[in-house]
Amino acid sequence: MSTETVLRPGWKVPIILGVFSLASLLLFLLSGRQGISVFRLSSSGEAVQLPALELPVMASGIVISVLLIGLAGFSAYRVTRAQRTPLYVIVIFGVLFMVGLLVWAFVDATLPVTGLLTGTVALSAPIIYGALGGVISERVGVVNIAIEGQLLAGAFTSAVVASVTRNPFLGLGAAMIAGMLVSFVLAAFSIKYLVDQVIVGVVLNVLVLGLTSFFFSQVLSEDKQLLNSPPRFDKLPIPFLSDIPVIGPVLFNQTVIIYIMYVAVALVYYGLFHTKWGLRVRAVGEHPTAADTVGIAVNRTRFWNVSLAGAVAGLGGAFFTLGSVGSFQKEMTAGLGFIALAAVIFGRWDPIRATLAALLFGFATNLQNVLGIIGSPIPSEFMLMLPYIVTIIAVAGLVGQVRGPAAAGKPYVKA
Amino acid sequence: MIALWIVLAVVLYAAHSFLLSRLYEKADLPVSSAWIPLYNLWTFFRLAGLSGWWAVVAVIPIVNIVAYVAAIVAAYVIGVRLDRNPYWTVLFGVCPLAWLIMAGLGRSEWRAEVPENGEARDLRIRLAVREVVSGNAMISVLAVVLAIVVGGALIAATDESVQQAAGYFFSRPLDTVQAIWDSVAGAYTALFQGSVYNFRRDSFADGIKPLTDTLMFATPLIVAGLGVGLTFRVGMFNIGGRGQMLIAAAAAGWVSFTFDLPMYIHLPLAVLAGVVGGAVWAGIVGVLKARTGAHEVIVTIMLNYVAFYLIQWMLRTPGLLQAPGSNNPKTPPMSDTAIFPAMFGAKYSLHWGFVLTIAATALVWWLLSRSSLGFQFRAVGENPSAARVAGINVKMMYVYAMLISGGLVGLAGVSQVLGTVKTGFSDGIDAGIGFDAITVALLGRSKPWGIFGAGILFGAFKAGGFSMQAAEGIPIDIVLVVQSMIVLFIAAPPLIRAIFRLPNPARTLALAQSLSAAQAATVAQTKQEVA
Amino acid sequence: MKLELRGITKRFGSLIANNHIDLVVNPGEIHALLGENGAGKSTLMNVLYGLYQAEEGEILLDGVVHNFAGPGDAMAAGIGMVHQHFMLIPVFTVAENVALGHESTKWGGTLNLEAARETVRTISQRFGFEVDPDAIVGELPVGVQQRVEIIKALSQNAKVLVFDEPTAVLTPQETDELMAVMRQLRDEGTAIVFITHKLREVRAVADRITVIRLGAVVGVASPTDSNEQLASMMVGRAVLLTVHKDEATPGEAALVCTGLTVLDATGHRVVDNVSYAVHAGEVLAIAGVQGNGQTELTEAIMGLQKHVLGSIMLDNRELTGRSVRHVLTSGVGFVPEDRTEDGLVAEFTVAENLMLDRADQAPFVRRGTLQLGYLRAFAEEKLREYDIRAQGIGTHVGRLSGGNQQKVVLAREMSKDLRLLVVAQPTRGLDVGSIEFVHRRIVETRDAGIPVIVVSTELDEVSALADRIAVMYKGGIVGIVPGDTPREVLGLMMAGEKPAGVSAA
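Sequences listed follow chains A, B and C, in order.
90 is the number that the UniProt record's numbering gives to position 90 of the first sequence; each next residue is one higher, with no gaps.
476 is the number that the UniProt record's numbering gives to position 476 of the second sequence; each next residue is one higher, with no gaps.
319 is the number that the UniProt record's numbering gives to position 319 of the third sequence; each next residue is one higher, with no gaps.
In short, the hints are calculated from the structure, not lab data.
Since the model is a prediction, treat every value here as computed from it, not as a measurement.
It is possible that part of the hints are untrue.
Unchecked claim - Derived pair list, reagent style BS3-like, types lysine-lysine, alpha-carbon separation capped at 27 Å:
hint : chain 1 : residue 1 : chain 2 : residue 2
1    : A       : Lys330    : B       : Lys447
2    : C       : Lys2      : B       : Lys395
3    : C       : Lys306    : C       : Lys2
4    : A       : Lys410    : B       : Lys26
5    : B       : Lys395    : A       : Lys192
6    : B       : Lys26     : A       : Lys12
7    : B       : Lys447    : B       : Lys26
8    : B       : Lys395    : A       : Lys410
9    : A       : Lys12     : C       : Lys306
10   : B       : Lys395    : C       : Lys198
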């Protein structure tokens with residue numbers, strides 16, 4: 001304790017990176033897998049055909065491991081210079097590590113890269129919408145545990161409305177309204193009746209689950225044709241953009257809901273940090289009393305922005321029924337709302353980072369599908385665990401003590 | 001059999017006497033008087049200012065029903081003397097033993113008689129009435145009533161015969177009313193008969209079976225609720241019940257079907273393995289939070305998935321959890337030497353895990369309100385920075401709380417594999433209890449006995465829900481709706497007050513203040529007179 | 001603009017915070033509102049600012065009655081306020097804070113922060129402030145933060161400006177500068193309300209003085225009145241401005257700190273190589289403006305700081321690197337500066353709070369079980385001994401007044417077998433009666449032969465209690481001087497200047 005030292009950023013990051021890069025090296029050296037992994041970058045129907053990448057497993061594995069060790073070393077070097085490891089280093093490290101793992105897993109097999117990524121975007125969509133809803137709500141100072149409920153309400157309502165009207169856009173609108181209604185309850189109970197926001201959120205999830213399941217069994221199953229067979233959105237390739245290799249099919253040959261999602265992410269980001277609306281939202285979430293003293297109606301701001309958050313999350317719900325599955329099923333959100341919540345915290349209440357976190361979860365889920373086809377050398381369950389373990393490591397080691405909006409969770413009461 | 005009844009009677013008598021002795025001690029009466037048969041009853045009535053002869057009436061068959069009423073009056077008076085909400089008297093009517101726990105072990109002190117003038121007495125009565133109608137107990141009851149009404153409305157609205165009758169509402173409105181009554185009454189009757197007592201059965205032994213089912217379903221809900229509630233008290237939120245239950249179930253199950261040991265070793269060992277499994281799984285969260293500040297909500301959610309995939313893998317891997325010679329992801333059945341034996345024979349599903357639950361509730365009660373560790377837990381939960389300044393090791397408290405919480409939730413997993421589903425389990429063994437436990441803890445306001453009650457209520461909903469589904473074709477999901485509404489309404493007393501137009505407690509407070517002012521005046525007056 | 005308040009009455013439940021208060025402030029006038037903590041000054045100003053709604057009375061500006069539903073209305077009418085607890089968003093920049101509430105925007109609601117930056121620059125220039133519009137407010141020193149508050153209020157063209165206890169966080173020099181700003185504003189025609197409980201400042205700057213006590217106006221005073229006159233008006237009785245204490249009889253050096261350095265999470269030296277000793281039976285006061293390392297210094301002794309270098313010896317035993325529990329059991333009593341945040345658990349009862357820092361020790365705990373009977377007797381006794389005004393030991397501490405809360409903390413900390421007492425901001429926010437009580441207790445502890453450290457930003461308190469005074473500035477000790485050192489010298493030292501004749505620490 002009594003030695004004269006200057007505080008440095010911790011060694012946690014380089015140590016974790018080092019462990020992972022050594023793991024990668026050992027994986028390739030010890031497993032002794034030889035052969036070629038084929039990464040297919042284009043599918044047959046695309047305009048521009050890229051040749052498939054053929055990677056010799058051992059060689060690429062060692063190259064990747066060396067690169068990983070290099071990155072870990074860079075991080076360690078930064079620490080000795082009392083500097084933090086930049087986020088992009090960690091991101092590059094993660095991507096490389098994942099590529100290495102894929103090369104290893106797909107020995108003598110073909111990995112459809114576009115398929116993997118396209119599915120990732122689709123599977124991430126509800127998480128991204130949910131996370132955006134979470135970001136807005138928490139930024140304005142209301143903890144939103146009810147994302148799961150908002151997603152589920154959106155999924156249910158959009159299915160019913162789109163089925164009855166045969167118009168998926170009306171379903172989309174209905175999903176927003178449904179998510180908003182869930183938010184109304186959250187807002188009313190937490191703002192007007194000062195009930196603990198976490199409690200209301202948890203209970204709302206159960207309530208929405210109960211209601212949708214009840215109506216599903218009691219009403220929807222009576223006349224599935226009329227009530228629960230919504231028309232789905234078709235894929236809508238964007239001219240030119242969708243022809244770009246890899247990126248085109250992944251990003252620009254998707255349904256309307258995905259395009260709305262791109263816009264939503266951009267809007268929420270720009271709105272939060274560059275507009276009057278965002279300034280006020282953040283002020284209310286950080287220091288409501290200060291916001292009040294400059295004439296901002298704190299509780300009204302909270303109420304409407306929580307509602308907005310619900311509408312956004314509701315859109316995510318519509319993706320389940322109008323974008324992927326095609327009909328409503330009991331408990332079809334399957335806990336993705338909680339994953340969205342994790343993405344919010346993992347993404348430090350920032351819409352872009354939260355979106356990236358959501359993509360990580362989507363990627364993992366889709367990886368399961370892809371691995372299921374070829375039969376992975378390591379049990380697929382362990383691959384599936386990976387994103388959750390990575391999240392834990394990230395939250396514990398890399399992100400550290402994250403601090404949300406200062407006033408999140410606290411009701412604002414005027415004396 | 002007779003021996004068993006005698007033992008039970010002695011135990012009950014001892015419990016009553018012990019609790020009475022605690023009560024008498026508060027009132028400065030000789031403790032021994034609580035243990036003498038008859039005389040203890042005599043003292044009880046005397047304590048309330050009633051004639052001791054009621055005690056004699058109480059032992060005469062049939063006539064003692066009158067004494068029962070007198071005893072309720074006595075309980076009311078004693079309750080008021082203990083500064084307890086008069087509403088507690090209802091508890092005495094239902095279960096005197098429970099009331100005695102409150103009166104004997106509760107923290108309230110005996111209040112000597114205050115000389116009263118007319119004004120004070122008048123105020124006191126008004127205050128008592130107000131407290132009854134605006135107090136917590138009333139709010140809870142009304143919340144339950146309101147939730148049941150909403151549930152009924154949903155049942156009626158989606159009932160086909162109601163919809164048909166509503167089609168010709170204007171020609172024969174009574175048909176609609178009749179149809180609504182039939183559907184709602186049918187549903188709730190089925191719920192009651194599936195959870196408390198089935199009047200359609202011939203014998204009491206058959207009729208009471210639903211109640212034992214309720215307690216069976218309540219068992220894991222209560223322990224898991226205790227685990228979640230404990231973390232609430234420490235200012236944390238354990239959403240990881242699912243993962244902890246799965247790990248605990250796997251550990252307990254594995255010990256159960258792998259070894260061949262005598263029961264007195266095997267059963268405790270299996271239970272212990274499960275508890276430790278749950279504790280370790282939750283302990284990871286505590287350690288991460290303490291060491292790195294990782295948010296426990298996010299870590300518990302993530303660990304749910306990790307546990308789920310881990311168990312899934314183990315269930316399909318021969319030599320780990322998979323039943324030998326099977327391709328299904330399912331374990332072999334539990335060994336007979338390591339399951340909770342049925343409490344009342346094979347006919348009833350209730351097992352000794354329930355007794356373990358009662359013990360766990362008592363233990364958590366003691367931990368939170370009587371132990372040093374619990375005091376530190378609560379201090380950290382209410383104000384972590386003050387706790388830190390007061391020398392409490394906040395980080396270690398997080399770790400301990402998660403360990404204990406995980407152990408309790410683990411016990412719920414144990415109760416699932418060794419009590420509820422003894423024929424081997426798959427990856428759905430947690431049955432959503434990890435999440436239900438959150439609602440149970442909220443309804444019980446994170447207090448051990450509150451959670452116990454909430455767990456039994458939810459257990460009843462679960463048991464009754466199944467029979468409602470079977471008998472009336474109403475989806476069991478309605479139970480979720482009613483449960484969540486109860487919690488929601490209880491959490492917002494102003495809403496309940498607005499709906500039922502109850503008086504505002506702020507005004508009750510003002511009344512109480514004027515009461516104490518009036519009392520102070522009386523005391524001053526008395527002093528003057530004495531002087 | 002002329003401000004007039006007529007018969008303002010504001011109640012909180014049965015408590016009357018303001019009782020028919022009348023006040024007239026003319027343009028070009030500094031009107032001081034003098035009263036002790038809890039007299040109702042801030043409530044009155046919150047009514048004026050639209051944060052509270054008065055039950056009775058009216059607010060007139062230039063003779064026109066206004067009804068303010070919220071601060072927005074008040075600001076629009078030309079009222080600005082410099083709040084005691086700054087109403088600034090710490091994570092925002094200066095420009096964002098100034099813009100908040102009346103943002104100028106470009107297309108689609110996009111913020112036009114350049115306009116706000118310009119406002120900041122213009123106003124800064126007018127008053128000679130040096131404020132960077134793009135600095136993050138939370139990273140600025142408190143003195144600068146206050147200037148941001150002033151800029152924020154002026155950016156609204158406030159014609160009536162309220163300063164709510166503005167000097168609490170300033171050095172005497174900064175206080176002088178603030179007063180110069182106030183005079184400049186007055187000369188430009190602004191009507192200024194200056195809320196304070198510090199007599200010296202009132203006399204220095206006010207044109208007229210209104211004194212309020214227990215929510216009602218008790219009279220009007222003149223800046224030429226003596227301190228004693230003002231004080232007795234404020235408190236309602238003659239007040240001893242000094243604590244009666246005998247000459248100290250210091251014994252052995254009990255607490256010896258050598259080369260003490262504290263680093264914060266980012267590696268800055270918040271306490272920088274400080275050495276001092278406290279002797280048994282003396283009060284060492286640590287003076288200085290808020291935020292110059294005093295908090296961290298006391299927390300380092302308590303084991304509450306993570307990165308501590310150097311040595312802290314209590315009775316020749318090393319305390320550095322020990323746990324808080326260890327330090328407490330070594331016989332150190334600690335009254336933290338923020339009692340509601342660090343000293344008490346509001347939801348706990350008085351009794352529970354009295355055992356808070358001995359939560360795992362006999363006599364409160366035996367075999368892991370709370371000894372409720374002992375606790376009850378102990379708490380009853382302390383309630384009487386410290387004259388804690390509570391309904392009973394079962395009352396939640398959050399319901400007590402500030403003074404009674406502080407008594408609970410003192411009762412807890414002083415009922416131990418003390419080897420050292422560390423008291424931070426002992427009387428912050430207390431009424432005069434409680435202040436006298438707390439001061440008496442501190443002196444009694446000293447007289448019992450216990451070393452006492454008192455940290456205070458109030459020079460009056462420092463002078464009243466101290467046998468010796470250590471003045472801190474930017475993490476270091478400027479000097480340790482005798483208790484009777486004149487204010488002017490202390491003031492210079494608080495700004496980092498070492499007057500001639502003062503020996504190094």
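Verification of the supplied hints:
{"no.": "1", "hint": "Lys330/A to Lys447/B", "verdict": "violated, 33 Å"}
{"no.": "2", "hint": "Lys2/C to Lys395/B", "verdict": "violated, 57 Å"}
{"no.": "3", "hint": "Lys306/C to Lys2/C", "verdict": "violated, 53 Å"}
{"no.": "4", "hint": "Lys410/A to Lys26/B", "verdict": "violated, 41 Å"}
{"no.": "5", "hint": "Lys395/B to Lys192/A", "verdict": "violated, 34 Å"}
{"no.": "6", "hint": "Lys26/B to Lys12/A", "verdict": "violated, 58 Å"}
{"no.": "7", "hint": "Lys447/B to Lys26/B", "verdict": "holds, 24 Å"}
{"no.": "8", "hint": "Lys395/B to Lys410/A", "verdict": "holds, 23 Å"}
{"no.": "9", "hint": "Lys12/A to Lys306/C", "verdict": "holds, 18 Å"}
{"no.": "10", "hint": "Lys395/B to Lys198/C", "verdict": "violated, 42 Å"}
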